[in-house]
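So you can see what is in the structure, the chains are spelled out below.
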Amino acid sequence: MSDDALLEVRNLRVDLQTSNGTLHAVRGIDFSLRHGEMLCLVGESGCGKSITSLALMDLLPRNATRRADALRFKGVDLRTLSDPAMRAVRGKQMTMIFQEPMTSLNPSWTLGNQLCETLRAHTDATWAQARDRAVLLLEKVGIPSASERLNQYPHQLSGGLRQRVMIAMALMCGPDLIIADEPTTALDVTIQAQILHLLRDLQREFRTAVIFITHDLGVVARIADRVAVMYAGEIVETAPVRELFERPEHPYTRGLLECIPVPGKTAPGQPLQAIPGVVPNLVGTLSGCAFRNRCACAVEDCRNAPPLAVLRPEHGVRCVRAGRLSGVQAPQPDTSAERAECAELTPASRLAAQAEDDVALELIALTKVFRLGRGLFRSPWEIRAVNEVSLRVKRGTSLGLVGESGCGKTTLARMLLGLMPPTAGSILIEGKKIDPTDSAGHRALTSRMQPIFQDPYSSLNPRRTVFDLVEVALRLHKVGTPESRRIDVGEMLDRVGMPTRTHHQYPGQLSGGQRQRVAIARALILRPKILICDEPTSALDVSVQAQILNLLLTLKKDLGLTYLFISHNLSVVEHIVDEVAVMRGGVIVERGDCTQIFHAPRHPYTRTLLASILTPEPGLGVPDIAGDQETGDRCRETENSCGLRPEKDR
Amino acid sequence: MLNFLLQRLSVAVAVLFTVALIAFSLLHLSGDLAAAIAGPEATVETIEHVRHQYGLDRPMATQFFQWLSSAARLDFGRSFYFESSVRELVWQRMPITLNLGVVSLLLALVVAIPLGVLAAVFRDGVIDRLSMFISVIGQAMPNFWFALVLVLVFAVELKWLPVAGNASWKNFVLPSIALSYHAMPALMRLTRSGMLDVFSADYIRTARAKGLPAFTVVVKHALRNAIIPVVALAAVELGFMLGGSIVIEAIFSLQGLGQLAWDSIARNDFPVVQAIVLIIAVFYLALSLLGDVLSALLDPRLRKNG
Numbered sequence: 232m233s234d235d236a237l238l239e240v241r242n243l244r245v246d247l248q249t250s251n252g253t254l255h256a257v258r259g260i261d262f263s264l265r266h267g268e269m270l271c272l273v274g275e276s277g278c279g280k281s282i283t284s285l286a287l288m289d290l291l292p293r294n295a296t297r298r299a300d301a302l303r304f305k306g307v308d309l310r311t312l313s314d315p316a317m318r319a320v321r322g323k324q325m326t327m328i329f330q331e332p333m334t335s336l337n338p339s340w341t342l343g344n345q346l347c348e349t350l351r352a353h354t355d356a357t358w359a360q361a362r363d364r365a366v367l368l369l370e371k372v373g374i375p376s377a378s379e380r381l382n383q384y385p386h387q388l389s390g391g392l393r394q395r396v397m398i399a400m401a402l403m404c405g406p407d408l409i410i411a412d413e414p415t416t417a418l419d420v421t422i423q424a425q426i427l428h429l430l431r432d433l434q435r436e437f438r439t440a441v442i443f444i445t446h447d448l449g450v451v452a453r454i455a456d457r458v459a460v461m462y463a464g465e466i467v468e469t470a471p472v473r474e475l476f477e478r479p480e481h482p483y484t485r486g487l488l489e490c491i492p493v494p495g496k497t498a499p500g501q502p503l504q505a506i507p508g509v510v511p512n513l514v515g516t517l518s519g520c521a522f523r524n525r526c527a528c529a530v531e532d533c534r535n536a537p538p539l540a541v542l543r544p545e546h547g548v549r550c551v552r553a554g555r556l557s558g559v560q561a562p563q564p565d566t567s568a569e570r571a572e573c574a575e576l577t578p579a580s581r582l583a584a585q586a587e588d589d590v591a592l593e594l595i596a597l598t599k600v601f602r603l604g605r606g607l608f609r610s611p612w613e614i615r616a617v618n619e620v621s622l623r624v625k626r627g628t629s630l631g632l633v634g635e636s637g638c639g640k641t642t643l644a645r646m647l648l649g650l651m652p653p654t655a656g657s658i659l660i661e662g663k664k665i666d667p668t669d670s671a672g673h674r675a676l677t678s679r680m681q682p683i684f685q686d687p688y689s690s691l692n693p694r695r696t697v698f699d700l701v702e703v704a705l706r707l708h709k710v711g712t713p714e715s716r717r718i719d720v721g722e723m724l725d726r727v728g729m730p731t732r733t734h735h736q737y738p739g740q741l742s743g744g745q746r747q748r749v750a751i752a753r754a755l756i757l758r759p760k761i762l763i764c765d766e767p768t769s770a771l772d773v774s775v776q777a778q779i780l781n782l783l784l785t786l787k788k789d790l791g792l793t794y795l796f797i798s799h800n801l802s803v804v805e806h807i808v809d810e811v812a813v814m815r816g817g818v819i820v821e822r823g824d825c826t827q828i829f830h831a832p833r834h835p836y837t838r839t840l841l842a843s844i845l846t847p848e849p850g851l852g853v854p855d856i857a858g859d860q861e862t863g864d865r866c867r868e869t870e871n872s873c874g875l876r877p878e879k880d881r
Numbered sequence: 166m167l168n169f170l171l172q173r174l175s176v177a178v179a180v181l182f183t184v185a186l187i188a189f190s191l192l193h194l195s196g197d198l199a200a201a202i203a204g205p206e207a208t209v210e211t212i213e214h215v216r217h218q219y220g221l222d223r224p225m226a227t228q229f230f231q232w233l234s235s236a237a238r239l240d241f242g243r244s245f246y247f248e249s250s251v252r253e254l255v256w257q258r259m260p261i262t263l264n265l266g267v268v269s270l271l272l273a274l275v276v277a278i279p280l281g282v283l284a285a286v287f288r289d290g291v292i293d294r295l296s297m298f299i300s301v302i303g304q305a306m307p308n309f310w311f312a313l314v315l316v317l318v319f320a321v322e323l324k325w326l327p328v329a330g331n332a333s334w335k336n337f338v339l340p341s342i343a344l345s346y347h348a349m350p351a352l353m354r355l356t357r358s359g360m361l362d363v364f365s366a367d368y369i370r371t372a373r374a375k376g377l378p379a380f381t382v383v384v385k386h387a388l389r390n391a392i393i394p395v396v397a398l399a400a401v402e403l404g405f406m407l408g409g410s411i412v413i414e415a416i417f418s419l420q421g422l423g424q425l426a427w428d429s430i431a432r433n434d435f436p437v438v439q440a441i442v443l444i445i446a447v448f449y450l451a452l453s454l455l456g457d458v459l460s461a462l463l464d465p466r467l468r469k470n471g
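Keeping their order, the protein sequence lines are chains A and B. If you count the first sequence from 1, position 521 lands on 752 in the working numbering, and the numbers rise without skipping. If you count the second sequence from 1, position 239 lands on 404 in the working numbering, and the numbers rise without skipping.
Please note that a few of the clues may not be correct.
[Unchecked claim] Capping the alpha-carbon separation at 30 Å, the derived lysine-lysine pairs in DSSO-like fashion look like this:
no.: 1; chain 1: A; residue 1: K760; chain 2: A; residue 2: K787
no.: 2; chain 1: A; residue 1: K760; chain 2: A; residue 2: K663
no.: 3; chain 1: A; residue 1: K323; chain 2: B; residue 2: K385
no.: 4; chain 1: B; residue 1: K324; chain 2: A; residue 2: K371
no.: 5; chain 1: A; residue 1: K709; chain 2: A; residue 2: K663
no.: 6; chain 1: A; residue 1: K664; chain 2: A; residue 2: K787
Just so you know, these hints were derived from the structure itself, not from any lab.
Using the sequences plus the hints, can you model the full thing?
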């Protein structure tokens with residue numbers, strides 16, 4: 232152990248007892264952290280990165296057991312500490328920031344109380360001293376009129392402000408280490424950039440070490456000093472940030488870097504380099520390299536567990552072929568066919584497709600007004616969630632609708648799908664006006680237009696098999712005979728890449744990507760011409776996201792589909808759509824050709840949005856998004872949380 | 166908040182009117198009141214005389230609104246049996262019932278909340294199983310039977326406490342235990358399930374990550390949020406206790422409202438019965454309202470605008 236190491240972890244293992252057996256969530260990881268260093272733990276969901284952080288804090292759930300050869304923090308072995316001694320470390324020397332700012336603060340206590348109690352629990356500071364420090368830190372994290380905020384409750388603040396309060400709370404006792412578990416994942420892109428900027432500044436100012444956990448390589452590239460890539464409970468590669476992005480060694484790291492669309496680098500419309508397959512099940516024993524079933528470079532030797540080979544100083548790789556793969560281009564058995572198929576879908580052909588003056592979907596001054604706050608002594612007030620939005624989507628093209636939470640994009644989608652009656656305006660499909668609220672109109676609408684929703688975990692009925700889920704739409708619309716339906720459904724499931732053995736499984740037995748494939752098959756079985764994709768990949772891991780985006784691109788070409796693609800992820804939008812409409816506060820602030828929007832944006836808001844995209848390029852740092860953006864938007868955001876979203880608050 | 170209160174208040178008034186109407190109608194539909202008051206050996210003339218004397222020959226609607234308007238002025242008429250003012254009668258008996266109800270509720274809360282918290286903290290442990298056992302018995306056992314068992318054991322056999330009457334505080338011990346044991350299980354289980362819900366909340370993880378002592382995490386952060394529905398239920402339970410004390414008061418011969426209601430029903434003393442029904446209804450509504458207000462005060466998110 233080197234002298235300047237703050238934290239030293241050797242062979243950390245965490246097992247979770249589940250009803251299916253023992254799940255080996257973390258399978259022997261080693262890393263160390265220096266004072267004032269920012270280490271990013273990056274990996275997909277289920278790779279064990281959050282469990283690692285909870286194991287360090289000794290906050291594991293009841294069904295978990297922790298073992299390690301060493302867990303040294305400031306020279307003290309955390310394994311030997313009693314509960315009270317560990318509590319004295321936790322919150323004072325080692326603090327944590329969580330993913331969900333909306334639910335991580337206690338709704339019943341004021342911010343001041345929650346900030347001060349941390350300091351009071353660990354030191355003998357008086358309330359007055361604690362308040363002074365709280366005010367100081369709230370100002371540091373950029374919260375205006377800090378002393379008045381102390382008497383406010385969490386629900387009075389927007390998500391971005393709450394996350395700032397969480398950061399201030401983590402700094403109250405002047406910790407040596409902050410563990411930040413996906414602190415910006417639940418936030419909008421512009422707010423994300425601000426929070427990252429803040430964290431980076433504070434980390435430098437206070438010389439605090441940070442373990443930053445994320446799945447987003449763009450974030451990693453911009454803030455990390457050193458990166459550890461996790462896969463299936465192991466660290467498969469660790470290196471300084473520049474080295475990792477410029478000379479990735481492990482096939483998994485390389486796959487991760489290749490499967491994300493990057494504006495300006497990946498060619499729009501071209502299939503992405505998806506990592507085939509899914510993360511292995513960690514229940515039971517796993518021998519050899521965990522990645523070998525998805526690895527294009529796997530050899531016989533991979534059946535033996537590879538050690539962590541140190542290639543260059545500070546660059547470790549857990550791969551038997553470490554150091555011999557750089558320069559070797561991984562063969563691409565899965566995507567080469569798709570690549571050939573999509574080759575003709577270059578930007579030129581996309582423009583050609585647009586030239587046909589053939590409008591698939593048209594919205595004319597579509598408006599939705601929510602009336603709120605009817606009361607005895609209060610006149611009703613209203614929110615124009617969607618305000619006279621007019622759009623045209625030409626047949627065979629895709630329109631991307633982008634904007635941050637609360638901008639009205641989901642409300643717009645709901646009106647299109649007939650889930651919500653519009654207040655005013657009309658919807659035209661292939662030139663015919665459709666009233667989605669009457670049953671004939673709704674039937675006409677569902678046969679031409681189908682949705683794909685964000686969360687494949689909750690949008691599929693868990694009590695129906697994959698086959699039933701897809702077939703039910705045909706049955707409801709009385710299409711074909713049972714025999715013809717069986718054939719149709721089988722073909723459609725093959726088309727979306729669902730193997731035959733999965734056709735009679737239940738959604739609970741499928742992975743997220745497979746579920747989203749089923750959702751796509753279900754949407755396509757009625758042969759609609761238009762798909763409304765509402766954040767179809769934002770609940771998925773990046774490697775799976777690439778698979779689904781490739782599938783959507785192939786289907787669009789094969790079936791001549793028209794997409795309305797709603798997303799907050801601009802990189803994904805740029806990759807998949809022909810035209811973009813930017814939405815803010817219920818209106819379209821800018822729309823245009825994809826290239827124009829991304830390269831020559833006119834509206835300032837579009838520019839802000841584009842500036843917030845974090846491409847995985849180390850050395851660029853976090854963009855400085857004007858700080859008043861958020862505070863100025865606070866009223867809008869708090870209103871949204873109580874009114875603009877009639878559905879479940881995310 | 167004001168908006169919310171006014172809304173609830175107007176609903177309460179409507180409910181109260183309905184209760185009064187039903188109570189009035191039921192009594193008048195239960196037979197010829199004049200004949201009942203005059204007694205089994207009265208002649209036709211006597212019955213007619215009674216009918217006229219008590220105003221029972223006037224139209225139903227007139228009688229109802231007259232009764233209602235005097236009730237609003239807290240004048241419930243005169244008891245047929247005691248020949249005294251119903252208001253005074255009720256006034257004398259009310260403290261006993263209120264005492265019994267409040268003491269029983271406090272007893273139930275004092276047992277239920279700590280037990281519920283402990284059961285949640287040591288989930289599936291000995292305390293959890295024991296408290297579940299106790300609460301299942303409490304819910305399954307009729308409380309008059311439990312009251313009789315208490316009397317047999319503590320009053321008749323051990324002679325620690327008096328059997329009946331309302332002479333001293335000792336007379337209230339057994340009835341309070343009997344009444345509270347009936348309300349305790351629901352409060353206990355609501356506390357337990359509320360605590361378990363809150364324990365999985367993100368802000369509890371935050372509190373633990375801050376290194377706060379376990380007691381602070383459980384009481385300040387968890388119980389503070391889990392208690393909100395318990396408070397609302399406790400207010401409603403008190404209403405149930407006031408209405409449901411009839412049986413317990415009868416067993417222990419406590420001269421409370423319940424006992425009075427019981428006797429008055431047997432004696433066809435309908436002004437008293439009507440008054441008690443109305444008063445219990447007022448209590449019940451006031452307590453549910455209080456429960457709502459308390460939970461709004463406890464939850465800053467509800468406090469906001471109402």
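Hints, one by one, checked against the model:
no.: 1; hint: K760/A / K787/A; result: holds (10 Å)
no.: 2; hint: K760/A / K663/A; result: holds (14 Å)
no.: 3; hint: K323/A / K385/B; result: holds (19 Å)
no.: 4; hint: K324/B / K371/A; result: violated (71 Å)
no.: 5; hint: K709/A / K663/A; result: holds (23 Å)
no.: 6; hint: K664/A / K787/A; result: holds (24 Å)
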